[in-house]
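Chemist: Based on the sequences and whatever the hints tell you, model everything.
Listed below are the residues making up each chain.
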Amino acid sequence: AQKVTQAQTEISVVEKEDVTLDCVYETRDTTYYLFWYKQPPSGELVFLIRRNSFDEQNEISGRYSWNFQKSTSSFNFTITASQVVDSAVYFCALSEAGGSARQLTFGSGTQLTVLP
Amino acid sequence: ETGVTQSPTHLIKTRGQQVTLRCSSQSGHNTVSWYQQALGQGPQFIFQYYREEENGRGNFPPRFSGLQFPNYSSELNVNALELDDSALYLCASSFGLAGTDTQYFGPGTRLTVL
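For the protein sequence lines, the chains are A and X, in the order given. Note that the working numbering gives residue 22 to position 22 of the first sequence, counting from 1, and the numbers run on in steps of one. Note that the working numbering gives residue 63 to position 63 of the second sequence, counting from 1, and the numbers run on in steps of one.
Treat the hints as calculated values from the structure; they're not laboratory data. Nothing here was measured: the structure is a model prediction, and the numbers come from that model. Every residue gets a Cβ at the ideal spot worked out from N, C-alpha and C, and that includes glycine. Please note that a few of the clues may not be correct.
Now the in silico label distances, taken between C-beta atoms and shown as ranges [said to hold, decoys possible]: (1) X:54 with A:97: 37 to 47 Å; (2) X:16 with A:63: 43 to 53 Å; (3) A:46 with X:63: 28 to 38 Å; (4) X:62 with A:78: 37 to 47 Å; (5) X:59 with A:67: 29 to 39 Å; (6) X:59 with A:28: 35 to 45 Å; (7) A:42 with X:16: 25 to 35 Å.
Rough simulated footprint, nothing fancy, chain A against chain X, three-plus residues with beta-carbon under 8 Å [unchecked claim]: (8) 48 to 60; (9) 84 to 96.
Modeler: See below:
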C-alpha cells in the first residue's frame with residue numbers, strides 16, 4: 001500500500017528565510033509519480049510539480065526547488081527567500097502506475113506561515 | 001481555458017439527509033476524481049470516473065456514489081448523511097489515466113452536517 005508522510009505539521013519562518021518541507025513516501029511500485037500541491041486559505045489545491053520515479057534530476061523553478069532521492073524515498077521541497085504569500089498548507093502526494101485508478105495518496109500536509 | 005469548477009461553495013445539511021455536489025471538469029479533460037478532506041487532514045480519494053464509468057474507488061461506503069455525464073462533468077451523491085461527512089469535498093480533473101496526467105483541482109464544496 002502506498003503511504004506519504006509529512007512529519008512537519010507546522011513551520012513558521014520570517015520573510016526572506018529559506019525553508020524546506022519534508023516528504024517521505026512508501027510504495028511497492030517501481031514506477032510512480034510524486035506531486036506537490038499548495039492549499040491557500042481559499043481551499044483550492046494548486047499544482048506545483050510532478051516528478052516521475054525514473055527521473056531523479058532535481059528541479060528549480062524560480063524560488064522553488066525540489067530534491068528527489070529514491071535511496072531515501074524522499075521528495076523534499078525548498079522555498080528560497082520566502083515571502084508572506086507563500087503562507088499555505090503544502091501537500092506531498094503519490095500516484096502509483098499499477099492499478100486502474102490514478103488516485104493520489106496525500107500526506108497530512110505542512111502548514112507554512114511566513115511572518116513579515 | 002476554463003478551470004475546474006464546483007457547486008455549491010458551501011452547504012449545510014442535517015444528519016440523515018442526502019446531498020448532491022457538482023463538478024465541471026477543465027476543458028479537454030475526460031477524467032474526474034473526487035476527494036474528501038476533513039479539517040486538518042490531507043485529501044482522501046473517494047472514487048474516479050473515466051469516460052462515464054467508475055474507474056476506481058477508495059475506502060468509502062456505498063452511500064457515496066457518483067455519476068459522470070457525456071460532457072465529463074460529474075456529481076457526487078451522499079445518502080444518509082452522518083456528522084463525520086462534514087468536510088471539504090474536492091473534485092479534480094485530468095486528461096486521462098496515465099501517471100503523467102496531472103490532476104487539477106477545483107475550489108471545493110464545504111459540507112457541514114448538523
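Chemist: Quick one: which hint numbers does this structure break? Sort them smallest to largest.
Modeler: When the structure is compared with the hints, numbers 1, 6 turn out to be violated.
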